[in-house]
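J.: What follows is each chain in one-letter form.
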Amino acid sequence: MQFTADKEILFSQWVHDHADALYNYAFRRVADEPLSKDLVQESFLSAWRNMESYRGETSVKNWLFVILKSRIIDHYRSVARKDELHGTDVFFDQDDHWQKGHYPHEWISDPLDPLVAKDFYKVFRSCNKKLKQVQQSVFTMKYVDGLESAEICEVLSISPSNFWVLMHRAKVQLRACIEKNWINK
Amino acid sequence: MSTSITCKKAVDYISKKEEGLLTAGMRFQLWRHLMICSLCRIFSTQNKIIIKAFNKEPETPKRLNPEEKGQMIRAAFESDH
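Those protein sequences? They're chains A and B, same order as listed.
No gaps in the numbering here: position 153 of the first sequence is 152 in numbering that gives the first Met the number 0, and each next residue is one more.
No gaps in the numbering here: position 50 of the second sequence is 49 in numbering that gives the first Met the number 0, and each next residue is one more.
Please keep in mind that the hints were generated in silico from the structure rather than gathered at the bench.
Keep in mind that this is a model prediction, so the values were computed, not measured.
Incorrect hints may appear among the rest.
Some but not every residue of chain A turned toward chain B, in silico, with C-beta under 8 angstroms [stated by the list, open to error]: (1) Ser-77; (2) Pro-110; (3) Leu-111.
The beta-carbon is built from N, C-alpha and C at its ideal position, and this holds for glycine as well.
With the hints as extra help, turn the sequences into a complete structure.
T.: The following block contains the structure:
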């Protein structure tokens, strides 16, 4: 890559070929358009600066994905440092039983039934967005990327007990929000 | 060790059970709690649905427009100056 013009042409091709795939991957994990664009932009910036170190051992696409994933992990870490890990638990009373007014109710139809799934997912996504970013990160790592709790603790540098409190609160809140906003309960 | 657990503990055990982190004793405590607590039974069922919803979430393909891609390219080139 001795000629700048060649390097620029090649890089532009990479952006055209892979930006959408990277953007979709990021959006699935951070659920925020501007943030996903920033993560992709930063990844390309890093790719540009390190183009000489790309030796072709993996595909360009894989190489770009490695960069993006490390940016996403940095993002997760920064929200884990920033967000308060604990909050007040309004769902349980002082005896640790369900608080009146927060009792779970039966849902009359299966939310994943194709007939109602579209409406359900609208609510599901908006409820997910209402969670703290650190809670969203934990859910994504666990249920989208399939990591185990110990791996998530390591990535986020949090203790197992902090992880379980986070998970517990996030689940109870998400369930309650879905129930409150989904008509088909 | 007491054999009865609270609802809060049961919710915690439900999450840990997904990863096989419960001992036989804890599994028994959870099973016993779910036998008598309809609220936690509902929670447990809906928790499974929510997990499935994460796994089955339909992809909503998104595209960056040419202008946004152009901006990414320019930002990289300009970072050299």
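J.: Under 8 angstroms, Cβ to Cβ, is where A/Leu-111 needs to be relative to chain B, so tell me if that hint holds or is violated.
T.: Holds. Min distance 6 angstroms.
J.: Is the interface hint satisfied for A/Pro-110? The criterion is a beta-carbon contact with chain B at less than 8 angstroms.
T.: holds (6 angstroms)
J.: Please check whether A/Ser-77 passes as an interface residue: C-beta within 8 angstroms of a C-beta belonging to chain B.
T.: Interface hint status for A/Ser-77: violated (21 angstroms vs cutoff 8 angstroms).
Violated hints amount to a single one, hint 1; each of the other numbered hints is respected by the structure.
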